[in-house]
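Trainee: Sequence:
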Amino acid sequence: MKGIGFDARLRLLASAALVTGLAGLPTTVLAQAGQAASSTGGGPHAQGSAVLLDQSQLDATSEQAGVPDVDNSGTNDIVVTAQKRSERLVQVPVAVTAVSGAALASQQINDSQSLSRIVPSLTFQQGANPTNTSFRIRGVGTALFSQGTESAVSVVVDGVVTARAGQGFSDLVDVERVEVLRGPQGTLFGKNATAGVVNVVTARPGKDFGGRIDGTIAEHGEYRLKGTVTGPISDTLRARLTGFYNDVRGTLYNVSTKNYDNSSKSWGARGKLEWDATPNLNLLLTGEYRKTETNCCQRVYVRIDNPIVQQFLTPMVASVSNRLSNNDGATFANPVQINAALEANWDLGFATVTSISAFQRFTQTDQYEPDQVESDPVRFSGAGAYSQWNNNLVHNAFNNYSEELRLGSNGNSDLTYVVGAYYAHFDLDRSGSRRRFKCPSGVINQVCTVPTTSDSASFSGTYESDNVAGFGQVDWRAIGGLHVIGGLRVTYETQTATGRSQTALFAGDTAFPGVTANSGTRTRSDTAVTGRGGVRYEFDRNLQAYVTYTRGYKAFAMDLDFPTNYATNPGVNPEHVNAYEAGVKWSAPGGAFSISAAVFRSDYSDLQVQAIQSDAVTGVFNAIQVNAGKSRSQGVELEATVRPSREFSVAMNFNYLEATIDVDGQTCALQQQAAAQVYTANFPVNTCYLRRTTTNGVTTTSSAIIDVRNGSLPLAPKIRFGVTPRYERDFDSVGLSGFVQASLNYQSAVQFQLNQDPLTKQPGYALVDLSVGVSDIDKQYQLSLFVRNLFNEKYLTNLQHATFLATAANPFDLNGYYAKDADRYFGASMSVKF
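Just add 100 to the spot in the sequence shown (first one is 1) and you have the working numbering.
There's no promise every hint is true.
Below, in silico cross-link-like pairs of lysine-lysine (DSBU-like), each with a Cα-Cα straight-line distance of 35 angstroms or less [as the list claims (entries may be wrong)]:
#  : residue 1 : residue 2
1  : 184       : 879
2  : 894       : 730
3  : 358       : 933
4  : 730       : 365
5  : 933       : 818
6  : 391       : 894
7  : 861       : 358
8  : 391       : 920
9  : 861       : 365
10 : 365       : 894
11 : 307       : 920
12 : 879       : 933
13 : 391       : 879
14 : 933       : 861
15 : 879       : 307
16 : 894       : 920
17 : 920       : 861
18 : 365       : 307
19 : 920       : 365
20 : 307       : 358
21 : 879       : 920
22 : 391       : 184
23 : 184       : 894
24 : 894       : 861
25 : 920       : 358
26 : 920       : 933
Think of the hints as simulated: they come from the structure by calculation, not from any bench.
Produce the complete structure using the sequences and hints provided.
Mentor: See the structure below:
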């Protein structure tokens, strides 16, 4: 297999053999393929990477927390709100993966980052802190440091759009289901959903008293505890209270601080109060508080060629398996979230009026240590540009107020519709500072007694935006099973950014390279029209095919970061997408088999991306917002679930993706810069060069750049596939129920950087997880044991050149990020329902 070494191929084959072997264990069950029962029975099925769940599974979390059972009448319907109406998944003309809370728990999916393990086309790229970490769907996402920019993957929680990407990376607690909508969803979900939507639905209060306590203990100091209690206060008033606490030790040991890096503690609570004010008016009040304390996100060195850097980092030895660091531990991120929402649903009979009023408060102080070495006290580093860079502090605080009012038709008449209006006001305070020390002379790796030179700069700014939109979508059955789909959204956006940048903060300091003192205010506004059109054909209630076209839009964005010129502040232009999708969905009667397939193409113009511009002489890097010329994401997606019996299921998926980008002016890979040639015209593509231009008699020469054509979008593997067999059985004679489950997930090679640096490409890899569990027949007490990454496959979630002493002469040092399950580990989960 191209891009995979011999050892990796052996592990992949062994993984496939193991999972296939598990699938073949219950041969008597497979023989019953033609006699599938109409109910899954025996508890929720974890469906691996491709999750097409029946309604009993979607309701499993609520049932276990005290909500009465739902009578599915053997229909095995999968109900989602992907189009802001409750609909059967098989009838929704959108590529959607629906994952129940029970399925998340069975695969130990405890946070939103881990969703990429079981959701096709969803990938996750780690940044230096949660605010510049990103989801990608079908290869497309936005990882911009500035908080003036929204993510292309919109995260929606209980109908409320999170204002910024950092809010979406949090613990999943008391979740009823997660729906991942692939492709642009701007018509119903807003201006920024140009790649897709992660729609999280948490559990509502139950009509009967009940609760649940869950705990997880795993290797490397992982402890998780969460609990829920729910029930009626009166005949018309119900409540639900959920709390959680997590303490997860990092796996990267810092030999300087004698602590583990990338550890985190998080805790929070959510309360819900639901009132049936009248027989046709329901009110739901939600309040939530979350806090996280973490020394995220420390990088690990995977390659060191520079002997000076190795001298600083000893005894650490760089490799993809390295789990040691040697730095000052000056990296952390501490976000706090407060959310409140009031949802009202007024049933008019023919339609329902829904109002969602929401407030979001988010604060985060984060610090990133760019030098990533032990440099306190300041030590001389030879010919390097600096000796210590530990101060790189940023503080964010924002409020977001939103109101959505919509009217959605009830039932399944020949004409169904959703119409509404949306308003959001966002205000942000953001500030940051940088300071680094240098020595004029000395001996390498010795204490610098008098650090005579320091560079410093700071910025502070405010940002406000107002977004007003009207939207609507209809589905009209024209004749027979033929339905015509049409949707439109008109959006008006205005943004104002005010800021001030300072240099030489202290007496004796010099200006930080690349930053100039300036101040100013700039306002921009724009109006956009987006929409959706298509047709779908229902052959019967369990089989449909569809073809759609979607026009998507993501607003322009102002900048609020180093090295912004606040007087001009051009920011980035709006992002547009034209998307085409054809799909088919079928669910066999009784739920014995279901399949969903989609073919898609999305053409983006002015894709908003982050360019890391670095200076190999000064050692300074700056994150610059730019618009890529164009990008294309196209491919094929398949999801299927086979349930030959009530005891056995196999979920499968296969994705093929071609995600390409054209973007000019990227800083070349360091190892390519020394050979860069000067061009004054006929500028090359996909080649590192120096651009020399003359304007008004003044000649300037750029740093080494590359104009990328048909490059790979970061973190967009061409191939992903997965298979998850699960076998469960009730042992009535002893009053117990048990299950065994395996999952294999493979992805092909990925590029991590826009400049197509060949050193930042990761080969393909496969992960295998196993779990086994036992419970009483009524599922009141459950215990499961699990192992993640059985074959100890090493992989990274990001890879880049190290900034410390990185120059064109010493270009090969690399570091990156990795997830905890990049190492094999074991754990146990326990739950008690009452």
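Trainee: A separate judgement is required for each hint: does it hold in the structure or not?
Mentor: Checked hints:
no.	hint	in the structure
1	184 / 879	holds, 32 angstroms
2	894 / 730	holds, 33 angstroms
3	358 / 933	violated, 40 angstroms
4	730 / 365	violated, 41 angstroms
5	933 / 818	violated, 42 angstroms
6	391 / 894	holds, 30 angstroms
7	861 / 358	holds, 32 angstroms
8	391 / 920	holds, 21 angstroms
9	861 / 365	holds, 32 angstroms
10	365 / 894	holds, 25 angstroms
11	307 / 920	violated, 39 angstroms
12	879 / 933	holds, 7 angstroms
13	391 / 879	holds, 31 angstroms
14	933 / 861	violated, 46 angstroms
15	879 / 307	holds, 19 angstroms
16	894 / 920	holds, 10 angstroms
17	920 / 861	holds, 20 angstroms
18	365 / 307	holds, 33 angstroms
19	920 / 365	holds, 15 angstroms
20	307 / 358	violated, 51 angstroms
21	879 / 920	holds, 30 angstroms
22	391 / 184	holds, 30 angstroms
23	184 / 894	violated, 40 angstroms
24	894 / 861	holds, 14 angstroms
25	920 / 358	holds, 19 angstroms
26	920 / 933	holds, 29 angstroms
Violated hints, in rising order: 3, 4, 5, 11, 14, 20, 23; the structure is consistent with all others.
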